[in-house]
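Participant: Whole structure, please, built from the sequences with the hints as guidance.
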Amino acid sequence: MADVILVDENDTPIGICEKLEAHKKKLLHRAFSVFIFNDKNELLLQRRAISKYHSGGLWTNTVCSHPAPGEDTISAAHRRLVEEMGFDTEVKEVFTFSYKHEFDNGITENEFDHVIVGKYNNDPISNPEEVEEWKWATREEVLIDIKENPDKYTYWFKIAFPKVTL
Numbered sequence: 003m004a005d006v007i008l009v010d011e012n013d014t015p016i017g018i019c020e021k022l023e024a025h026k027k028k029l030l031h032r033a034f035s036v037f038i039f040n041d042k043n044e045l046l047l048q049r050r051a052i053s054k055y056h057s058g059g060l061w062t063n064t065v066c067s068h069p070a071p072g073e074d075t076i077s078a079a080h081r082r083l084v085e086e087m088g089f090d091t092e093v094k095e096v097f098t099f100s101y102k103h104e105f106d107n108g109i110t111e112n113e114f115d116h117v118i119v120g121k122y123n124n125d126p127i128s129n130p131e132e133v134e135e136w137k138w139a140t141r142e143e144v145l146i147d148i149k150e151n152p153d154k155y156t157y158w159f160k161i162a163f164p165k166v167t168l
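The numbers in the sequence shown follow this note's numbering, run straight up by one, and end at 168.
Read the hints as simulated data drawn from the structure, not as lab findings.
One or more of the hints may lead you astray.
Straight line, CA to CA, 20 Å or less: simulated SDA-like cross-link-like pairs of lysine to any residue [as the list claims (entries may be wrong)]:
(1) Lys160 x Glu142
(2) Lys94 x Asp74
(3) Lys160 x Ile127
(4) Lys94 x Glu143
(5) Lys154 x Glu143
(6) Lys137 x Gly120
(7) Lys28 x Asn43
(8) Lys26 x Val9
(9) Lys27 x Asp13
(10) Lys102 x Asn12
(11) Lys27 x Lys154
(12) Lys102 x Asn43
(13) Lys94 x Glu44
Facilitator: See the structure below:
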């Protein structure tokens with residue numbers, strides 16, 4: 003697996019660690035979540051591949067990942083948009099937040115998450131190793147479904163999505 007950037011509570015880099023080790027040891031590390039909207043103001047959601055080591059099969063934002071050591075979050079967002087969804091578009095960071103969540107398999111996400119937004123109007127060509135399926139949905143549809151079916155969505159998505167605006 004790849005390395006992640008360990009950070010303090012202010013997102014200042016303090017080291018580098020292998021990704022799975024960081025998750026097992028509950029170490030705070032830098033991450034990003036990309037939210038892509040179209041001109042109808044619909045969000046492009048992905049359902050994570052079942053094979054993911056945590057949150058497999060759950061719905062989440064367009065792309066979520068970790069920048070590599072030496073890589074800024076915007077560059078990483080562009081890289082992962084291409085790798086996961088088969089396209090690139092202009093993006094910008096809109097806010098950050100931190101969260102910690104323990105999963106049933108002993109993995110803990112302890113992330114300083116950079117929320118990034120952009121616009122794109124075509125359908126993606128998703129990578130099946132990363133994405134089980136995708137869909138466009140309105141803000142209202144997603145908020146209603148999160149309320150009715152919270153277990154279908156990733157932990158971080160439920161924190162970030164209500165605060166996301168273009």
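Participant: Please go over all the hints and tell whether each is borne out by the structure.
Facilitator: Going down the list of hints, with the structure as the test:
1. Lys160 x Glu142: holds (14 Å)
2. Lys94 x Asp74: holds (12 Å)
3. Lys160 x Ile127: Violated, because 25 Å separates the two Cα atoms, which is more than 20 Å.
4. Lys94 x Glu143: violated (24 Å)
5. Lys154 x Glu143: holds (14 Å)
6. Lys137 x Gly120: holds (16 Å)
7. Lys28 x Asn43: violated (36 Å)
8. Lys26 x Val9: This hinted pair holds, its Cα atoms lying about 16 Å apart.
9. Lys27 x Asp13: Roughly 18 Å separates the two Cα atoms, so the pair holds.
10. Lys102 x Asn12: holds (15 Å)
11. Lys27 x Lys154: violated (26 Å)
12. Lys102 x Asn43: violated (30 Å)
13. Lys94 x Glu44: holds (17 Å)
In summary, the structure is inconsistent with hints 3, 4, 7, 11 and 12 from the numbered list given earlier, while agreeing with the others.
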